Amino acid sequence: MKKTLLILTLLFSFIYSQDSNLKVEKDELVVEVSGMVCAMCAFGVQEGLSELSFLNQKVYKADGINIDLDTQLIYIPIDLSKKIDELEAIQIINDAGYDTIAIYTNFDGKKIEKKNVPKSVS
Amino acid sequence: MFSTKHVVLLTIFLSLLQAHPIIFKGGKVIWLIDSPDITDIRFGKTFTRNFYSGVRVFNHKYNDESYIASNNNLLIKRWNGPSYQANIYGLSSIGLNLDSKKSMYNIGLHSDWENRRFMVMHMIEYSSFDQSTMNSVRLAFTPKITDYRGTAVWLIAQYSNHGFDNKNEESIIPVIRILKRNYLVEFGANGKETFLTLMTHF
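The listed protein sequences correspond, in order, to chains V and D.
Residues in the first sequence are numbered from 1 upward in steps of one, following this note's numbering.
Residues in the second sequence are numbered from 123 upward in steps of one, following this note's numbering.
To be clear, the hints were calculated from the coordinates, so they are not data collected in a lab.
It is possible that part of the hints are untrue.
[Stated by the list, open to error] Beyond 10 Å from chain D on every Cβ pair, some chain V residues (computed):
#: 1; residue: Asn56
#: 2; residue: Pro77
#: 3; residue: Tyr104
[Unchecked claim] Using 27 Å as the maximum straight-line C-alpha spacing, the simulated DSS-like pairs for lysine-lysine come out as follows:
#: 4; chain 1: V; residue 1: Lys114; chain 2: V; residue 2: Lys82
#: 5; chain 1: D; residue 1: Lys150; chain 2: V; residue 2: Lys119
#: 6; chain 1: D; residue 1: Lys289; chain 2: D; residue 2: Lys183
#: 7; chain 1: D; residue 1: Lys150; chain 2: D; residue 2: Lys199
#: 8; chain 1: V; residue 1: Lys119; chain 2: D; residue 2: Lys199
#: 9; chain 1: V; residue 1: Lys26; chain 2: V; residue 2: Lys111
#: 10; chain 1: D; residue 1: Lys289; chain 2: V; residue 2: Lys58
#: 11; chain 1: D; residue 1: Lys150; chain 2: V; residue 2: Lys61
#: 12; chain 1: V; residue 1: Lys111; chain 2: V; residue 2: Lys23
#: 13; chain 1: D; residue 1: Lys302; chain 2: V; residue 2: Lys61
#: 14; chain 1: V; residue 1: Lys83; chain 2: V; residue 2: Lys26
#: 15; chain 1: V; residue 1: Lys23; chain 2: V; residue 2: Lys82
#: 16; chain 1: D; residue 1: Lys183; chain 2: V; residue 2: Lys119
[Claimed, not checked] Listed next, the stretches of chain V that the computed footprint assigns to chain D, with coverage defined by at least 3 CB atoms under 8 Å from CB atoms of chain D:
#: 17; segment: 29 to 37
#: 18; segment: 90 to 98
#: 19; segment: 109 to 118
Computed from a predicted structure; not experimentally measured.
Don't be surprised by glycine CBs; every beta carbon is placed ideally from N, CA and C.
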């Protein structure tokens, strides 16, 4: 019983820390993925997402996006004047070899919304 | 060795297999390997998220013969975890000896598991031109985990067993791998043999 409680506590504290430390800008999509452990392989994500139709390229300049391998998060600055198609981003990430877990947004600047997404779309 | 029909059928069959490297859809790779057995230059493209096709020109050092081949790789299965990735790939090449024009093929299976600290890889390949089997195992670790923009250095122990002509030649080569964004360099030496890989994705 004690062991179960300890495991649950650790699990919840991990989930809490992941979400509580997360910062999402108003004009940003943050995508949580799995399997992104190799920097050279993650280059494919950057190459693909840098072609996104709604990417705001001013934020990260030539890189287009930001990748955090520690947290398995991909930060995509978006141009809110354009149509935002989250599936387009998910498909590019899947095509680079990774599973998608969730998308975080903060469009009103007040509350981070988490949306679970399919791990893969064709 | 094969009739044209056999070569065509084999090409179709082997094209259903797929191998290493498979990168991102639309990504291209230029790859040079110089190992104790082979000098190999490859260029190819990943057409779908699990299929790569390209060409390779290689020189087999034991018989000093050169070949040109179509190289097709298939991602058979991938496991993505929160802190790891594991893969199984099918590898295949089919081509010609540049001098004798004899056909050749090569098939293999590549499996790997890696997280940000450790990597394990196994590859087994059969080559028709010398009727040999190559078994390779790599164990690797990085002393320092770097972020996406950093330069990563990996230390690798590479074991190879090359079986041909009723012989088995074994070698262990320590290899250092340096990765920076889309560039990879590997160099290894054990006093008798050297190993070099240069690769870029774009």
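Hint check:
Chain D leaves asparagine 56/V outside its interface by the beta-carbon criterion, the shortest separation being 19 Å against a cut-off of 10 Å. No Cβ of chain D comes within 10 Å of the Cβ of proline 77/V; the nearest lies about 16 Å off, and the non-interface call holds. Every CB of chain D lies more than 10 Å from the CB of tyrosine 104/V, the least distance being 16 Å, so the non-interface label holds. For the given pair, lysine 114/V sits about 21 Å from lysine 82/V by alpha-carbon distance, which is consistent with the 27 Å threshold.
Taken as a hint, the lysine 150/D and lysine 119/V pair is honoured in the structure, with Cα atoms around 25 Å apart against an allowance of 27 Å. Restraint check: the Cα-Cα separation between lysine 289/D and lysine 183/D comes to about 16 Å, which is no more than 27 Å; the hinted pair holds. Distance check on the hinted pair: lysine 150/D and lysine 199/D sit about 21 Å apart at the alpha-carbon level, within 27 Å; holds. At most 27 Å may separate the alpha-carbon atoms for a hinted pair to count; lysine 119/V and lysine 199/D meet this at roughly 15 Å.
With a C-alpha separation of about 10 Å, the suggested pairing of lysine 26/V with lysine 111/V holds against the 27 Å cut-off. Between lysine 289/D and lysine 58/V, the direct Cα distance comes to roughly 60 Å. Violation of the 27 Å bound is thereby established for this hinted pair. With a CA separation close to 23 Å, the supplied pair lysine 150/D and lysine 61/V stays within the 27 Å bound. Using a Cα cut-off of 27 Å, the hinted pair lysine 111/V and lysine 23/V holds, with the two alpha carbons roughly 10 Å apart.
With a C-alpha separation of about 19 Å, the suggested pairing of lysine 302/D with lysine 61/V holds against the 27 Å cut-off. Distance restraint check for lysine 83/V and lysine 26/V: the Cα-Cα separation of roughly 15 Å lies within the 27 Å cut-off, and the hinted pair is therefore satisfied. For the hint pairing lysine 23/V with lysine 82/V, the CA-to-CA distance comes to about 22 Å; that is within 27 Å, so the pair holds. Annotation: proposed proximity of lysine 183/D to lysine 119/V is violated, straight-line Cα distance about 45 Å (limit 27 Å).
Under a criterion of three residues with beta carbons nearer than 8 Å to beta carbons of chain D, the stated coverage of the segment 29 to 37 of chain V is upheld, 5 such residues being counted. Restraint check on the segment 90 to 98 of chain V versus chain D: 5 residues with Cβ-Cβ distances below 8 Å, three needed, restraint holds. For the segment 109 to 118 of chain V, the assignment as covered by chain D is violated, since 0 residues bring a beta-carbon within under 8 Å of that chain's beta-carbons and 3 are needed.
The structure fails to meet hints 10, 16 and 19 from the earlier list, while all remaining hints are met.
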